[in-house]
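K.L.:
Listed here are the chains, written in short residue letters.
2 protein chains.
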Amino acid sequence: MDGGRALTIEQQRKILERGVEEILPAGELEPLLRIAQSENRPLRVKLGIDPTASDIHLGFAVVLRKLRQFQDLGHTACLVIGDFTASIGDPSGRSKTRPVLSRAEIERNVHSYEQQLYRILDPDRTEISYNGDWLAEMRFADVIQLASQYTAARMLERDDFAKRIEDQQPVYIHETLYPLCQGQDSVQIRADIELGGSDQKFNNLVGRDLQRNAGQRPQLVMLMPLLVGTDGVEKMSKSLDNYIGIDEPPEEQFGKAMSIPDEQIAAYLELATDAPPEEIEAARGAQNPMAAKTALAKRVAALYHGREAAERAAEHFASTVRRREAPDEMPELNAAPLIEDNGKNKGVWIVKLIAAAGFAESNSAARRLIQQGAVSIDGERITDANAHVSPADGAVLKAGKRRFARLVMK
Amino acid sequence: MDGGRALTIEQQRKILERGVEEILPAGELEPLLRIAQSENRPLRVKLGIDPTASDIHLGFAVVLRKLRQFQDLGHTACLVIGDFTASIGDPSGRSKTRPVLSRAEIERNVHSYEQQLYRILDPDRTEISYNGDWLAEMRFADVIQLASQYTAARMLERDDFAKRIEDQQPVYIHETLYPLCQGQDSVQIRADIELGGSDQKFNNLVGRDLQRNAGQRPQLVMLMPLLVGTDGVEKMSKSLDNYIGIDEPPEEQFGKAMSIPDEQIAAYLELATDAPPEEIEAARGAQNPMAAKTALAKRVAALYHGREAAERAAEHFASTVRRREAPDEMPELNAAPLIEDNGKNKGVWIVKLIAAAGFAESNSAARRLIQQGAVSIDGERITDANAHVSPADGAVLKAGKRRFARLVMK
Numbered sequence: 001m002d003g004g005r006a007l008t009i010e011q012q013r014k015i016l017e018r019g020v021e022e023i024l025p026a027g028e029l030e031p032l033l034r035i036a037q038s039e040n041r042p043l044r045v046k047l048g049i050d051p052t053a054s055d056i057h058l059g060f061a062v063v064l065r066k067l068r069q070f071q072d073l074g075h076t077a078c079l080v081i082g083d084f085t086a087s088i089g090d091p092s093g094r095s096k097t098r099p100v101l102s103r104a105e106i107e108r109n110v111h112s113y114e115q116q117l118y119r120i121l122d123p124d125r126t127e128i129s130y131n132g133d134w135l136a137e138m139r140f141a142d143v144i145q146l147a148s149q150y151t152a153a154r155m156l157e158r159d160d161f162a163k164r165i166e167d168q169q170p171v172y173i174h175e176t177l178y179p180l181c182q183g184q185d186s187v188q189i190r191a192d193i194e195l196g197g198s199d200q201k202f203n204n205l206v207g208r209d210l211q212r213n214a215g216q217r218p219q220l221v222m223l224m225p226l227l228v229g230t231d232g233v234e235k236m237s238k239s240l241d242n243y244i245g246i247d248e249p250p251e252e253q254f255g256k257a258m259s260i261p262d263e264q265i266a267a268y269l270e271l272a273t274d275a276p277p278e279e280i281e282a283a284r285g286a287q288n289p290m291a292a293k294t295a296l297a298k299r300v301a302a303l304y305h306g307r308e309a310a311e312r313a314a315e316h317f318a319s320t321v322r323r324r325e326a327p328d329e330m331p332e333l334n335a336a337p338l339i340e341d342n343g344k345n346k347g348v349w350i351v352k353l354i355a356a357a358g359f360a361e362s363n364s365a366a367r368r369l370i371q372q373g374a375v376s377i378d379g380e381r382i383t384d385a386n387a388h389v390s391p392a393d394g395a396v397l398k399a400g401k402r403r404f405a406r407l408v409m410k
Numbered sequence: 411m412d413g414g415r416a417l418t419i420e421q422q423r424k425i426l427e428r429g430v431e432e433i434l435p436a437g438e439l440e441p442l443l444r445i446a447q448s449e450n451r452p453l454r455v456k457l458g459i460d461p462t463a464s465d466i467h468l469g470f471a472v473v474l475r476k477l478r479q480f481q482d483l484g485h486t487a488c489l490v491i492g493d494f495t496a497s498i499g500d501p502s503g504r505s506k507t508r509p510v511l512s513r514a515e516i517e518r519n520v521h522s523y524e525q526q527l528y529r530i531l532d533p534d535r536t537e538i539s540y541n542g543d544w545l546a547e548m549r550f551a552d553v554i555q556l557a558s559q560y561t562a563a564r565m566l567e568r569d570d571f572a573k574r575i576e577d578q579q580p581v582y583i584h585e586t587l588y589p590l591c592q593g594q595d596s597v598q599i600r601a602d603i604e605l606g607g608s609d610q611k612f613n614n615l616v617g618r619d620l621q622r623n624a625g626q627r628p629q630l631v632m633l634m635p636l637l638v639g640t641d642g643v644e645k646m647s648k649s650l651d652n653y654i655g656i657d658e659p660p661e662e663q664f665g666k667a668m669s670i671p672d673e674q675i676a677a678y679l680e681l682a683t684d685a686p687p688e689e690i691e692a693a694r695g696a697q698n699p700m701a702a703k704t705a706l707a708k709r710v711a712a713l714y715h716g717r718e719a720a721e722r723a724a725e726h727f728a729s730t731v732r733r734r735e736a737p738d739e740m741p742e743l744n745a746a747p748l749i750e751d752n753g754k755n756k757g758v759w760i761v762k763l764i765a766a767a768g769f770a771e772s773n774s775a776a777r778r779l780i781q782q783g784a785v786s787i788d789g790e791r792i793t794d795a796n797a798h799v800s801p802a803d804g805a806v807l808k809a810g811k812r813r814f815a816r817l818v819m820k
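Line by line, the protein sequences give chains U and D.
Okay, so the first sequence: first residue is 1 according to the numbering used here, each after it adds one.
Okay, so the second sequence: first residue is 411 according to the numbering used here, each after it adds one.
Derived by calculation from the structure, the hints in this document are not laboratory data.
Since this is a predicted model, take the numbers as computed values, not measurements.
Hints should not be assumed to be uniformly reliable.
Stated by the list, open to error - The calculated lysine-lysine pairs, modelled on DSBU-like cross-linking and capped at a C-alpha distance of 35 Å, are:
id : chain 1 : residue 1 : chain 2 : residue 2
1  : D       : Lys611    : U       : Lys163
2  : U       : Lys410    : U       : Lys238
3  : U       : Lys256    : U       : Lys238
4  : D       : Lys811    : D       : Lys762
5  : D       : Lys573    : U       : Lys163
6  : D       : Lys811    : D       : Lys645
7  : U       : Lys201    : D       : Lys811
8  : D       : Lys762    : D       : Lys820
9  : U       : Lys410    : U       : Lys346
As the list claims (entries may be wrong) - Here are a few chain U residues that sit away from chain D, every Cβ distance over 10 Å (derived from the structure):
id : residue
10 : Ile23
11 : Glu28
12 : Gln37
13 : Leu101
14 : His111
15 : Asp122
16 : Pro123
17 : Arg139
18 : Glu175
19 : Gln216
20 : Leu223
21 : Asp262
22 : Glu279
23 : Arg299
24 : Glu308
25 : Phe404
Note that the Cβ used here is the ideal one computed from N, Cα and C, for glycine as well.
With these hints in hand, go ahead and build the complete structure from the sequences.
P.N.:
Put into structure tokens, the structure is as follows:
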């Protein structure tokens with residue numbers, strides 16, 4: 001409990017609540033922090049880990065970084081490796097994303113995973129356990145005892161079950177046992193808090209019920225928002241290949257971060273970086289999303305590789321994009337005279353730039369080109385015909401497949 | 411396979427199908443009998459036994475007597491004692507009829523039970539096993555494998571589950587595991603056929619599915635009708651105290667059989683005795699239900715205690731009823747001259763009897779008395795004013811609470 005000594009309980013609560021989507025029961029975090037203080041013990045903060053994953057990505061890092069905040073305040077991260085279900089797979093053969101793994105494979109996975117975990121977590125305040133150690137030993141009678149604590153109706157209310165039932169897709173009986181496994185983990189490790197993505201709400205609340213039945217104080221449930229993948233549509237995940245891994249080289253991280261849609265910039269800044277609130281606010285509806293995105297990409301790379309590596313990644317990105325897309329020789333366009341700086345706009349109006357480059361015969365033709373997605377600067381597509389941009393000196397303006405211009409900005 | 415040698419397969423099928431409510435799949439019994447013949451082996455006919463019961467009653471005997479027919483044709487009765495669930499009870503505390511029993515208690519129960527079983531079954535063709543021997547050993551992973559074979563939707567279609575869900579009563583998840591236990595029993599003992607009451611249809615069909623998944627030929631399911639209890643309303647059961655135990659003294663059996671409603675006489679004859687089809691047919695809408703019921707009661711007592719004991723029970727019943735209800739002294743009424751015997755009626759018209767005894771001033775007053783339920787002969791109430799009766803010599807006619815006459819019938 002040394003870490004939090006300098007801060008009041010209320011200050012601690014504010015730190016811990018930042019970026020959290022939901023706390024259940026609401027308002028219970030501060031009382032729990034007081035209990036830990038008065039009992040002079042660290043809180044046990046549980047996080048379930050799927051051992052079939054091999055890379056930690058920014059989406060999962062959202063939760064891990066919250067866990068690290070707890071550690072920095074003196075609490076214990078209790079990681080529960082879900083080796084039990086991973087060692088069974090899905091016997092109904094329905095889920096392709098749940099391969100059957102041996103204990104040895106799982107331990108190998110977890111070992112390589114640990115190195116990534118400790119890029120975020122403090123190993124000295126981390127406990128790792130495997131739920132197979134208690135679940136695999138349970139007999140049929142124990143399972144019946146466990147299953148007697150929940151009704152079928154309540155279990156089938158879980159969002160994804162309810163949706164499948166509505167779509168007349170099967171929910172197998174063993175699937176109704178998995179949330180109970182996860183809840184039993186909380187009983188076993190005596191969790192004070194369980195962290196998770198917001199899609200874990202139901203499962204984490206099962207833990208509360210089972211703990212209550214076992215005579216324990218039910219865990220507080222803290223849910224983090226889900227980070228959308230680089231495609232801007234689905235939850236970030238390895239299987240959809242829309243992820244940014246924390247162990248990837250800075251150039252990869254930077255490039256992938258540059259590929260996210262503009263609407264996601266603020267969410268990424270908030271969930272995946274340490275950007276201050278003002279920067280996040282400024283990024284919302286920024287007039288110059290490319291600059292905001294470049295700043296985000298640098299922040300991501302810096303978080304896992306340091307500021308210097310991030311700067312190099314940014315330079316590498318710009319030069320690669322230029323090299324990959326642009327011919328060696330191209331006309332230069334001095335865009336500096338086009339810069340507006342009045343109360344309303346700041347930068348160069350993209351329509352004016354296209355017209356000045358001679359890529360379109362009229363403003364409306366330029367507008368069409370932009371709206372068709374045919375226009376980019378340094379590989380960054382611009383689809384908003386009202387956008388005002390501030391390209392770097394030497395940036396490459398491109399229209400269609402073959403028309404290029406190097407922008408001079410001074 | 412010696413027992414059935416004298417009979418053709420078709421004759422065997424006819425015997426085995428008698429009194430059966432449903433066979434699933436329909437028409438599969440005969441092919442199965444042929445398979446047993448060609449493989450020169452007895453069929454394994456499974457029956458699940460609840461070890462919390464202590465008395466076998468006529469309702470359960472319906473199934474046991476069918477099982478005995480299989481034994482008489484050379485097949486093996488495979489009794490599976492459900493000690494597994496009995497040793498767990500109902501952890502949700504919902505079911506009061508499922509007490510927790512130790513293995514020792516269960517074995518004591520089953521031992522005293524066996525003596526009753528062997529009043530019906532042939533011990534030489536009976537195998538007894540305890541499902542705890544395989545179910546109790548199953549680990550959580552095995553349970554998941556088992557549960558992966560059924561969807562929640564399909565399980566919750568079971569009549570009693572569906573009804574509870576409709577009534578917004580809880581169905582606990584462990585309850586969805588019990589039919590799977592019963593199905594696993596069929597896999598374990600490699601049942602060819604499972605017998606059961608018609609309320610076991612769903613559970614027995616689960617066995618078919620699990621056997622098919624296990625690479626076995628799915629069992630044939632044979633369902634027997636449920637015998638209504640002596641109250642004429644509910645299924646016969648110990649807990650409702652509407653049962654006739656096969657181990658009860660003949661006088662008890664006789665008296666209880668005499669208490670059933672007239673509408674149940676034919677069903678009892680069919681399901682609980684060896685009465686030939688003609689007698690059952692004649693009992694349907696008999697003009698003289700008292701005589702039919704007396705014959706039924708004698709058949710029941712004779713089945714479990716012999717013909718002589720049954721006759722004594724009948725005499726005991728008549729004399730007890732007379733002693734219990736009638737005063738020592740009462741007027742005599744010679745009813746012999748009132749006997750009709752034409753094509754339409756046989757016996758004494760009850761209205762005429764009441765009038766002759768002076769218990770009513772007119773035929774219509776007599777009719778009213780009868781319809782009010784105020785008239786009985788030897789304790790047997792007569793409510794049909796058109797009934798013709800054939801009382802025993804010395805029988806007691808009673809109207810209301812205080813008017814008695816001893817009938818002379820010769």
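K.L.:
Against each hint, give a clear statement of whether it holds in the structure.
P.N.:
The hints, checked one at a time:
1. Lys611/D to Lys163/U: 30 Å, holds
2. Lys410/U to Lys238/U: 43 Å, violated
3. Lys256/U to Lys238/U: Between Lys256/U and Lys238/U the Cα gap is close to 14 Å, so the pair holds against 35 Å.
4. Lys811/D to Lys762/D: Since the Cα atoms of Lys811/D and Lys762/D sit roughly 20 Å apart, the hinted pair holds (cutoff 35 Å).
5. Lys573/D to Lys163/U: 23 Å, holds
6. Lys811/D to Lys645/D: Given that 35 Å is the threshold and the Cα spacing comes to 32 Å, the pair holds.
7. Lys201/U to Lys811/D: Outside the cut-off at roughly 71 Å; violated.
8. Lys762/D to Lys820/D: 17 Å, holds
9. Lys410/U to Lys346/U: At roughly 16 Å apart (the allowed maximum being 35 Å), Lys346/U and Lys410/U satisfy the hint.
10. Ile23: 28 Å, holds
11. Glu28: 28 Å, holds
12. Gln37: Non-interface label on Gln37/U holds, nearest chain D Cβ at 38 Å vs cutoff 10 Å.
13. Leu101: 13 Å, holds
14. His111: 24 Å, holds
15. Asp122: About 33 Å separates Asp122/U from the closest Cβ of chain D, which puts it past 10 Å; holds.
16. Pro123: Non-interface label stands for Pro123/U: nearest chain D Cβ at 31 Å, farther than 10 Å.
17. Arg139: Per Cβ check, Arg139/U is inside 10 Å of chain D; nearest 6 Å; violated.
18. Glu175: 8 Å, violated
19. Gln216: 18 Å, holds
20. Leu223: 24 Å, holds
21. Asp262: Consistent with the label, Asp262/U stays out of reach of chain D, its closest Cβ about 43 Å off (over 10 Å).
22. Glu279: 48 Å, holds
23. Arg299: At roughly 43 Å from the nearest Cβ of chain D, Arg299/U sits farther out than 10 Å, so the non-interface label holds.
24. Glu308: 50 Å, holds
25. Phe404: 58 Å, holds
Figure legend: structure checked against the earlier numbered hints; hints not met, in rising order: 2, 7, 17, 18.
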